[in-house]
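Read top to bottom, the protein sequences are chains E and X. Residue 158 in this note's numbering sits at position 153 of the first sequence; the count goes up by one each step and never skips. Residue 98 in this note's numbering sits at position 93 of the second sequence; the count goes up by one each step and never skips.
Simulated from the structure, these hints should not be mistaken for lab results. There could be a bad hint or two in this list.
For identical chains, the list gives no copy identity; a pair is met inside one copy or between any two copies.
Unchecked claim - Here are the simulated BS3-like cross-link-like pairs (lysine-lysine), alpha carbons at most 30 Å apart as the crow flies:
| id | residue 1 | residue 2 |
| --- | --- | --- |
| 1 | K364 | K76 |
| 2 | K195 | K411 |
| 3 | K215 | K272 |
| 4 | K153 | K44 |
| 5 | K153 | K413 |
| 6 | K140 | K44 |
| 7 | K336 | K215 |
| 8 | K76 | K418 |
| 9 | K108 | K146 |
| 10 | K454 | K272 |
There are 2 protein chains.
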Amino acid sequence: MLTYNFDDSKRPLYEQLYMLIKKDIEGGILMPDEHLPSKRSFAKNLGVSTITVENAYDQLMSEGYMYSIAKKGYYVADIKDKNKIVKAVRINSDIKLPEPAKKYIYDLSGNQINPDNFPFSIWARLMRETISRDKNALMTKSFCAGIKPIREAIAAHLYSFRGMAVDPAQILMGAGTEYLYGILLLLLGKDKLYCVENPGYKKIFQIYEKNGARCTYADMDESGITVDGLNEVKAEVAHISPTHHFPTGITMPISRRYEILAWTNEKKGRYIIEDDYDSEFRLNGKPIPSLQSIDAGGKVIYVNTFSKSLSPTIRVSYMVLPVELANKYYKELSFYSCTVSNFEQYTLAQFIGQGYFEKHINRMRLHYSRQRNMVMDSLKKSGLSKRCSVLENNSGLHFILQFDTKKKDEELKQLFEKKSIHMQPISDYYYKRTDTQHRFILNYSNVDKEMLDKTFDIIKKIL
Amino acid sequence: MLTYNFDDSKRPLYEQLYMLIKKDIEGGILMPDEHLPSKRSFAKNLGVSTITVENAYDQLMSEGYMYSIAKKGYYVADIKDKNKIVKAVRINSDIKLPEPAKKYIYDLSGNQINPDNFPFSIWARLMRETISRDKNALMTKSFCAGIKPIREAIAAHLYSFRGMAVDPAQILMGAGTEYLYGILLLLLGKDKLYCVENPGYKKIFQIYEKNGARCTYADMDESGITVDGLNEVKAEVAHISPTHHFPTGITMPISRRYEILAWTNEKKGRYIIEDDYDSEFRLNGKPIPSLQSIDAGGKVIYVNTFSKSLSPTIRVSYMVLPVELANKYYKELSFYSCTVSNFEQYTLAQFIGQGYFEKHINRMRLHYSRQRNMVMDSLKKSGLSKRCSVLENNSGLHFILQFDTKKKDEELKQLFEKKSIHMQPISDYYYKRTDTQHRFILNYSNVDKEMLDKTFDIIKKIL
């Protein structure tokens, strides 16, 4: 294997490695398209950390000296092809980047999409067809709320999949739900008191707060957020996820839904933001209608995304505005350009319209249901199931493991960390409350059997 | 009416019903496009609850065995048609859409990209290559500021094209400049007094205002915005486009640039937002350094977009933050996800990195310079050039025609309108001032000879 000696003690190791490889590529010692060692084995061979090799490889790739092929590895680039390489500028400023997310060997909290599960070939074909067919449309500025075909396709999907009858004109496309929440703040006003669920996904709170809106939180009971809770904090806009609450997994029953809707109608200016982020993955059980579909008062803003159903990396979300708010949006905010690229809007419109989206969801449901069964089997086989209970409602991509232990959540979490297990307790998602419920979130969207078996073994020992 | 008997008592009723209908569809007993009973009447007929029928129908629709048409009812799907098109839902709500932009026969204000000028085949190829090569990366959540390769490619481009030495970590990608201005408001604070140019592009003012920031405007002289003007309104953040001001076309000379920079350093908390939106299309003449590149105090935020240089429909913009602000962004706002899709980030990174972007700009410069010459020729040939002067500085995609007339701008504009000519006077872009300078904007990015000849003939008659 490729071997180098490090001697320049003043430079960081990765830089030395980078320069040594670069020299060999420029000198023709490493030939174009020659295979380079994997990061791990190279690191072992050189007696350095994998991170060192990674940094050196990253630099070489960004400068065009190397390239990589997924699942194959790293190769020497043909540097004679001058036209292909733009030299990177290296400026060293004093910028402190946010800490990269820690990597875990046993990650039960990841929600990245496994590349095997994205319909790349269909997507690539539809993109190609769109480009060859719709050149004019692709170059024509999108309507502020998004192009018509995608809003029509989404309306049809919502109707058949969720029983929601909405006018495509009520649908507003955006580059992520975070962007849409920003638009909602402009629409509803920052003087209102926004209320999120406790526990909950803290980013939503952060967005309201950073944008200068007043934001609070209300406790939930076993059916979700309560009218008493909302009244207690004097909430005006309730931001909730009744279909499948994160992290508790609670599905709000129909009776509570009507109570919450009645609450919105008690006073003018009250609204519900219904975050339906993973409703496509109800694995079985009776479907419960969305709040939007049983809302007669025009008080529910329905928000959904393709992040869970397709990939968080395509950045396409949408919301369904009640008629009154839609009119307000068109009157006051239609000067904002749509944030989703036409290329992706037209491709996604075809993807939904030609039935691929539905097929994809069905396939993913089957896949996730298998994943779920695999977790259950592994849990049973490991014997860990005797030391914990599974709290779930056959929905979404995660469930809760409640451990039978006297250890506090924080202690347990740290013991997991030490063994490179990433699993978060629900208590992490509470605002100003440190419950110790021994309830941990298990996201099974991207786990495999071997990893699970090992993880559960380790957890058993820890308990 | 369709009738079934339930006999499998162990299964829930809806599931039995679902299986019975599915069997009949698969067996051809229920034919494609056959009408199915309404939920209510079907439920009554079968002696079950409406929810039971609904659940069965939902399941069948989600699997593609049935489809529905709003206000009409349910139908059997053609299950042989694998590529089935999702039927559109038709709901008529009382939504008043914004008026579509009026179409003109002679449009000299359009800034749409002519589809012939977008590098579709290269873009399609790079997209295809990206999809086949970078599957893992495409599914991995982008760094908050954008993926590394595109920020490196932009840094290299800014270096070679604009002489700007920036750390890729200073670059923040966003789905349009409007989105980036929103982020800037969070970063700089809404309590500051923002100042835009008068005349100017009113959307920028609207964005600041709608977001709850205080916003004002300052008059310009023939070199752009002035320090006196900024001081007079007590501006704290000046949002300007010194390279090529819209609509006047003014390029701020270097001496004025240093004056404005000195102004920022006089008081803490002052900033310049430098909008460099069409700097790629300086057709000839000495390049003037960007304010960012001569700013030693970390007071300039540089903003640019691919809207003019590629297409406004791909929604990719970026800004270069001074180090101090970049650190603040990473510390306080890095929880925001990047708004640009990975697919487009990786494709664009290749487009820039492999040199296609530079080639494209060069090609477009040549094209626009020909367009400009064509306008000049047509103007001369028509004899209209005797009745107007051309104000320009060989930059960007528009220049100004100053007509020799006693007619007021508004009157002239309306006379143009009547003949279906779209040309806007600069006076339309003033805040609270109605100058009559007879100066009209001529955007030549998407005009052709025949249209020009006719337009100038008509204008001559009107004058």
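Now for the hints, and whether the structure bears them out:
In this assembly of identical chains, K364 and K76 lie within 30 Å of each other by CA distance both inside one copy and across copies; the values are 27 Å within and 25 Å between. In this assembly of identical chains, K195 and K411 lie within 30 Å of each other by CA distance neither inside one copy nor across copies; the values are 44 Å within and 48 Å between. Within a single copy, K215 and K272 get their C-alpha atoms as close as 27 Å, and across copies as close as 25 Å, so both meet the 30 Å cut-off. For a Cα distance limit of 30 Å, the shortest separation of K153 from K44 across copies, 19 Å, qualifies, whereas the shortest one inside one copy, 47 Å, does not.
Taking identical chains as interchangeable, the C-alpha atoms of K153 and K413 are never at most 30 Å apart, the minima being 52 Å within one chain and 40 Å between chains. For a Cα distance limit of 30 Å, the shortest separation of K140 from K44 across copies, 19 Å, qualifies, whereas the shortest one inside one copy, 42 Å, does not. Taking the shortest alpha-carbon separations for K336 and K215, both the intra-copy value of 26 Å and the inter-copy value of 13 Å come in at or below 30 Å. In this homomeric assembly, K76 and K418 never come within 30 Å of each other (Cα to Cα): the closest approach is 33 Å inside a single copy and 53 Å across copies.
In this assembly of identical chains, the alpha carbons of K108 and K146 lie at most 30 Å apart only when taken from different copies (14 Å versus 41 Å within one copy). Taking the shortest alpha-carbon separations for K454 and K272, neither the intra-copy value of 52 Å nor the inter-copy value of 61 Å comes in at or below 30 Å.
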